[in-house]
Structures are given as C-alpha cells and as structure tokens.
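**Student:** Sequence:
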Amino acid sequence: MPSLPSWLTFHSVSQLSFFSAESIPPAVTDLAGMLAGPGQVVTSEDRARISIVVDRDWRAQAVAELIAQCGLGAEVTRSEEGSPLVRTQSTPALLPLSVQWTKGAVKAVPVGWVPNSRQLRVWAVAAGRLEEGGERFVFGLDPHAKETHAPLAQALMRVGIAPTQLGNRTPGPGLRVSGKKRLTKLVEYLGEAPKHVDTSVAWPHV
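According to the numbering used here, the stretch in the sequence shown is residues 1 to 206, in order.
No lab work stands behind these hints, which were simulated from the structure alone.
Mixed in with the good hints, there may be bad ones.
Straight-line alpha carbon distances no greater than 25 Å define the calculated SDA-like cross-link-like pairs of lysine to any residue that follow [claimed, not checked]:
| no. | residue 1 | residue 2 |
| --- | --- | --- |
| 1 | LYS195 | GLY82 |
| 2 | LYS195 | LYS107 |
| 3 | LYS195 | THR184 |
| 4 | LYS180 | ARG136 |
| 5 | LYS107 | SER51 |
| 6 | LYS146 | GLY160 |
| 7 | LYS195 | ARG136 |
| 8 | LYS146 | LYS180 |
| 9 | LYS103 | VAL42 |
| 10 | LYS107 | LYS185 |
| 11 | LYS180 | LEU130 |
| 12 | LYS103 | GLU131 |
| 13 | LYS103 | MET157 |
| 14 | LYS180 | LEU166 |
| 15 | LYS103 | LYS195 |
| 16 | LYS181 | HIS149 |
| 17 | LYS146 | LYS181 |
| 18 | LYS185 | TRP203 |
| 19 | LYS107 | PRO84 |
| 20 | LYS181 | HIS144 |
| 21 | LYS181 | LEU130 |
| 22 | LYS107 | LYS180 |
Treat the numbers as computed from the prediction; the structure is a model and nothing was measured.
From just these sequences and the hints, can you work out the full model?
**Tutor:** See below:
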C-alpha cells in the first residue's frame with residue numbers, strides 16, 4: 001500500500017480522515033488553491049508571482065490575508081477591466097509551485113494532485129460559491145484553462161468529495177459538491193470561514 005500524505009490518516013480500516021484546514025500550519029503550498037481556481041503564475045528568472053482576479057472586494061481582502069499567513073507579501077489592486085485583483089510578491093519561494101503547475105507556458109494540474117485542506121480553503125475563498133440556498137457548493141474553475149477541469153475533478157474525488165463538473169455557462173465553470181455527506185465532509189475540511197468571507201454566498205454549511 002502506498003504511503004499516505006502527512007495530512008491524511010486512517011481512523012479505521014474503512015474510514016479515511018482529512019485534517020481540517022485549521023489544524024495545519026500555513027505554507028506557501030497553500031496557494032496552489034489560487035491556481036486550482038482562475039489564478040495565474042508568472043515566472044521571471046529565479047522568481048515567481050501568483051495573481052488572481054476575483055469577483056468581490058471581500059474575496060480580494062480574504063485572499064490577501066491567506067497569502068500573508070503563508071509569509072508572503074500581498075497586493076490588492078484592480079484588473080484592466082476594473083475587477084479586484086490580488087497578487088503575491090515576486091519571490092523564489094513560489095518557483096516550485098510554478099514548476100508544478102505549468103506545462104510549457106500553459107497552466108496544468110500536477111499529475112495525481114491530492115489537495116490538502118488548506119489548499120481547498122484558499123480555493124474556496126478565491127472562487128467558491130453557494131447554490132440552491134446552500135444545498136450545493138461550487139469550486140470555481142479557470143475558464144481559460146479548460147484542460148485543467150477534468151484533472152481538478154479527479155483531485156476532489158481523491159479526497160472523497162466527488163463533484164459534478166459544470167460548463168462555461170454563467171456564472172462560469174465549476175465543480176459542484178452536493179449531498180449532505182459530501183458537504184459535511186467539505187465543511188470539516190475547510191473549517192470556519194476566514195475573516196472577510198461572505199458566508200451567506202460563499203461558504204459551505206450543513
């Protein structure tokens with residue numbers, strides 16, 4: 001049997017437990033959650049920077065705080081279209097993520113990626129949304145990187161929250177998590193909503 005990542009553990013033969021985001025210390029690797037969503041990474045020589053355009057000012061503030069928790073500087077500004085934009089400082093610390101999440105010049109999901117709870121938390125903050133009054137939760141995807149959608153669906157399946165893949169219709173592509181069992185597991189993974197997050201529209205609950 002292959003070894004398990006450090007954040008996964010067996011409580012019994014049949015039950016796999018996933019440590020909640022609040023029980024894992026912040027790390028630069030958390031920011032893979034930005035890239036699972038519509039985030040972009042840009043490299044220059046020995047440095048890399050991750051940026052993401054979001055749909056609400058509160059998202060920008062919440063993402064910036066999560067970046068700061070990882071020990072990196074964050075800047076909140078506006079895109080050319082006027083949407084909130086968050087970007088990290090340019091730093092060598094992000095080069096490993098850049099290498100893992102690009103294939104040539106194109107964003108690509110690392111083969112066999114198993115997102116940990118803090119990466120899911122960043123993804124949820126940056127691009128998550130509720131549907132049907134909270135009965136469903138959708139992880140937003142990058143509309144410009146369609147080849148990442150299926151691998152990301154497989155990544156969620158690996159942590160026991162098999163999603164339904166949504167197309168590019170408004171409000172954009174995503175991976176929908178539904179059903180009480182899956183939502184309960186997702187809530188356990190993500191923990192309490194970070195400061196700034198509008199829980200009425202963007203944080204799962206059961």
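**Student:** All hints, please: hold or fail.
**Tutor:** Status of each hint after checking the structure:
no., hint, verdict
1, LYS195 with GLY82, "holds, 24 Å"
2, LYS195 with LYS107, "violated, 29 Å"
3, LYS195 with THR184, "holds, 21 Å"
4, LYS180 with ARG136, "holds, 9 Å"
5, LYS107 with SER51, "holds, 13 Å"
6, LYS146 with GLY160, "holds, 23 Å"
7, LYS195 with ARG136, "holds, 22 Å"
8, LYS146 with LYS180, "violated, 28 Å"
9, LYS103 with VAL42, "holds, 13 Å"
10, LYS107 with LYS185, "violated, 28 Å"
11, LYS180 with LEU130, "holds, 14 Å"
12, LYS103 with GLU131, "violated, 33 Å"
13, LYS103 with MET157, "holds, 23 Å"
14, LYS180 with LEU166, "holds, 19 Å"
15, LYS103 with LYS195, "violated, 34 Å"
16, LYS181 with HIS149, "holds, 23 Å"
17, LYS146 with LYS181, "violated, 28 Å"
18, LYS185 with TRP203, "holds, 13 Å"
19, LYS107 with PRO84, "holds, 21 Å"
20, LYS181 with HIS144, "violated, 31 Å"
21, LYS181 with LEU130, "holds, 16 Å"
22, LYS107 with LYS180, "violated, 32 Å"
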